[in-house]
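Q: Read top to bottom, the protein sequences are chains H and C. The numbers in the working numbering rise by one with no breaks, and the one at position 71 of the first sequence is 71. The numbers in the working numbering rise by one with no breaks, and the one at position 114 of the second sequence is 114.
Simulated from the structure, these hints should not be mistaken for lab results. Among the hints, erroneous ones may be present.
According to the in silico footprint, chain C covers these stretches of chain H (three or more CB under 8 angstroms from chain C) [as the list claims (entries may be wrong)]:
id, segment
1, 234-240
2, 296-308
To list a few chain C residues with every Cβ distance to chain H over 10 angstroms, as calculated [said to hold, decoys possible]:
id, residue
3, Val99
4, Phe215
5, Val269
Virtual Cβ for every residue (Gly too), placed ideally from N, Cα, C.
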Amino acid sequence: MIRRPSSTPWVVAAVLFAGVALAGSGSQLQFNPNHAGHKKAGLDCLTCHEGIFDQTELGQPGAFPKEKVCLQCHKKEKDEGKCGMCHLKADKPATFVTKPPYLIINHAKHLEKDDKCEACHVALPEKTSFEKPVPPMSACLGCHDHPQHKQQFDNGQCFTCHLDLTHFPIKPESFLRHAGNFTRMHPQIARSASAACETCHAQSWCADCHAARTRPMKPSELNPERVDRNWIHWGDFLTRHSIEARANQAACQKCHPVSFCNDCHRQQRLTPDSSNPLNPHPAGWLTPGSSSFHGSEARKDIVSCAACHDQGAASNCVSCHRVGGPGGNPHPSSFLSKHSASEINSKPMCLTCHP
Amino acid sequence: MRRAAALSLLLAVWAPPAAAQTIDASSTTVLRLKPDWQAGDTRTGFWGTELVGLSVRNIEMSGVDDLKIQLSAWGQLASLSNPAGTGNGTTGDIDLLYVQGSLFHRRLSLTLGRQLISGGAARVLQLDGVNATVMIDKGFGVTGYAGAPVVSRFSYPVGEFAFGGRAFWRPTYGSEIGISFIEIISGSVLSRQDIGADARWVFLPNLSATVSGIFNIPETAFSDAGLTVNWQVVPTLQLFVKGQHTSPDLFLPLTSIFSVFANINNDAVGGGAVWDALPRLSFYGEYQRLWVDSGKGDEAELRATYRLTRKATVGLDSRFLFVPVNGVIDLRAWVLYPLNQKIRLSGDVDWALIQRQAINGGDDSFVATASVSWLIGSGWNAMLSGSIGTTPFYQASYSATARIGYDFFYASAKGAK
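Please model the complete structure; the sequences and the hints are all you need to start from.
A: Shown next, in the form of structure tokens:
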């Protein structure tokens with residue numbers, strides 16, 4: 001049930017304050033106990049982490065020991081001022097940093113079944129490492145007493161364990177590894193596995209590139225510092241674009257409608273409807289038999305023609321290429337084998353020349 | 001009355017965040033200075049862009065799971081008219097604005113508003129409308145959508161109404177088979193009508209294949225088809241092969257006069273590898289043979305990446321693309337280097353050599369970019385970037401970009417249950 005705020009400005013202020021406080025807290029590690037040393041000394045995990053027995057949600061207090069638990073053994077070190085033994089900043093000793101929860105895990109329930117922490121925590125944090133090992137997903141999926149975890153994984157029900165994959169992404173499984181030039185490869189994969197993509201990537205992530213119809217700038221312009229990314233329009237794409245388009249016109253059209261090309265070309269005075277247009281065509285363009293005759297060029301790359309000349313059915317092509325017109329039949333040789341005369345009335349483009 | 005309505009709207013917008021467990025909000029301001037080339041006349045232009053994003057997730061509502069509100073929008077001021085022709089200096093749009101939620105124990109998922117429809121024959125369609133997914137049983141499900149395709153800011157009418165759907169079977173995570181359909185109508189005339197079939201199968205955790213085809217019904221031809229096989233041979237070596245067929249003329253709407261002029265087929269077959277030769281050194285290589293209507297071509301890419309430290313990287317990238325009429329060799333070198341945990345430097349030099357036909361009288365371009373980004377803290381970040389070079393379009397190319405962003409994140413511990 002939605003709780004209505006009694007006083008909206010207070011709620012907004014509180015939310016903003018919480019955000020700033022959370023962001024300000026940062027994720028800097030403050031405390032780094034020697035797990036291996038404790039284990040060597042024969043200490044059980046629960047000696048220090050007794051509170052985990054009652055923890056039903058991540059983020060609840062008690063999972064990490066208070067200082068008095070440490071002092072049961074290390075009072076002497078504290079008295080001698082050896083704060084650096086545990087605290088990373090000995091001059092400004094601080095306690096554990098509270099992080100927002102990102103997993104749904106009921107420790108109390110799991111420990112009821114089996115109190116062996118290492119069943120899930122297969123590796124202990126190392127004192128020298130800043131990256132703390134988290135239980136591998138295989139530990140969850142391999143639990144024979146609870147086959148539902150495997151079933152949840154198969155069904156893509158990540159939300160049963162992962163609280164927010166959008167904000168706390170995990171490394172993709174090997175069959176979805178984003179290696180090499182994944183930017184080029186992902187359309188094929190996403191066509192049939194978009195649900196798998198959506199487990200980590202929100203639509204806003206896709207929209208950064210795929211909302212090309214509404215976005216004001218290319219991702220490479222917005223993030224020029226990410227030189228390691230495989231941006232499609234990296235560097236001087238303007239110079240390359242005509243060659244790229246020749247190699248794969250469809251790739252351009254997936255994001256850019258023909259009018260995108262037309263509007264830019266019009267500004268360069270390259271389209272017939274621009275003011276005082278320039279002629280971009282080579283010599284021999286209108287000469288049948290010439291190596292650069294427009295008819296044969298158009299057969300090869302009609303999309304390039306459309307990039308400047310697609311101003312509707314009455315555009316300049318149809319003024320010549322109509323029945324009885326000087327341009328003759330514009331259809332490719334295979335056209336008649338695919339289209340019957342009966343289609344004429346159902347397609348407005350046919351009616352332009354075949355009234 | 002108007003004030004009451006505004007207050008109601010304000011409360012309606014603020015109330016869900018108040019009860020929500022996860023809130024992501026972002027504001028990004030980008031200032032850009034660069035030349036704009038118009039019909040040989042180069043002028044310097046200034047663009048100021050503000051992008052905002054809001055994602056409110058896990059909103060509590062009885063009977064509804066995963067309730068979410070998503071917004072992504074922007075506004076722009078420019079000293080020149082937009083190069084792509086918006087015609088004036090002030091513009092803006094909404095990329096996404098939708099409400100999403102699941103009902104009946106996640107059997108039915110609904111998305112309402114401006115959204116991206118992805119998968120199957122839809123490819124990626126930006127739509128103002130509704131999208132519903134019904135999970136039937138044993139991994140079987142159906143998705144259906146209807147609405148108005150988003151009109152681009154370049155005023156191109158894709159069509160006034162689009163509808164379509166996809167039936168799928170997801171036996172395991174990552175494996176899926178689907179058949180799909182899409183139709184777009186423009187002024188009561190058919191603009192696009194496609195059916196599609198797609199499959200992605202994970203044979204082994206390290207071996208997967210994807211195949212898909214989109215068939216244009218009025219032209220009775222495949223507009224798009226592809227096959228990709230990925231094999232992670234060992235943890236340090238991944239091999240892939242792929243084949244692709246496209247008919248670019250079938251990407252033109254049927255309402256374009258050019259749809260009757262040509263049958264174009266582009267095909268590509270190739271493969272490549274990703275090799276982590278050393279813990280710090282990795283290679284990526286790919287080659288494709290191209291068949292375009294005017295002949296054959298080749299495309300290859302080779303990249304080496306070396307990690308100096310955990311977050312410092314240098315890379316070399318070379319790409320070769322040759323089609324019958326022209327070709328380009330693109331060489332790029334880049335470096336990412338963090339000065340400390342908050343400040344990061346990056347640099348990039350890109351040299352493109354045009355083969356065979358000069359463009360605008362020039363046969364190469366060179367652009368160098370340097371950037372510094374700063375994680376200020378408390379959600380704030382900033383970036384400064386500048387680039388210089390020479391290109392066939394600008395005798396001297398330059399651009400300067402400044403960006404400042406604020407990211408706000410709030411997650412309630414209440415979500416962990």
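Q: Does the no-contact call for Phe215 of chain C survive, Cβ to all of chain H over 10 angstroms?
A: 13 angstroms, holds
Q: For the segment 234-240 of chain H, does the count of residues with a C-beta closer than 8 angstroms to a C-beta of chain C reach 3?
A: Three-residue rule met by the segment 234-240 of chain H, so holds; n is 6.
Q: Grab the minimum beta-carbon distance between Val99 of chain C and chain H and tell me whether it stays above 10 angstroms.
A: 12 angstroms, holds
Q: Could you let me know if the closest chain H CB is still more than 10 angstroms away from the CB of Val269 of chain C?
A: 13 angstroms, holds
Q: Counting residues of the segment 296-308 of chain H whose CB is closer than 8 angstroms to a CB in chain C, do you get three or more?
A: holds (count 8)
In summary, the structure agrees with every hint in the numbered list given earlier.
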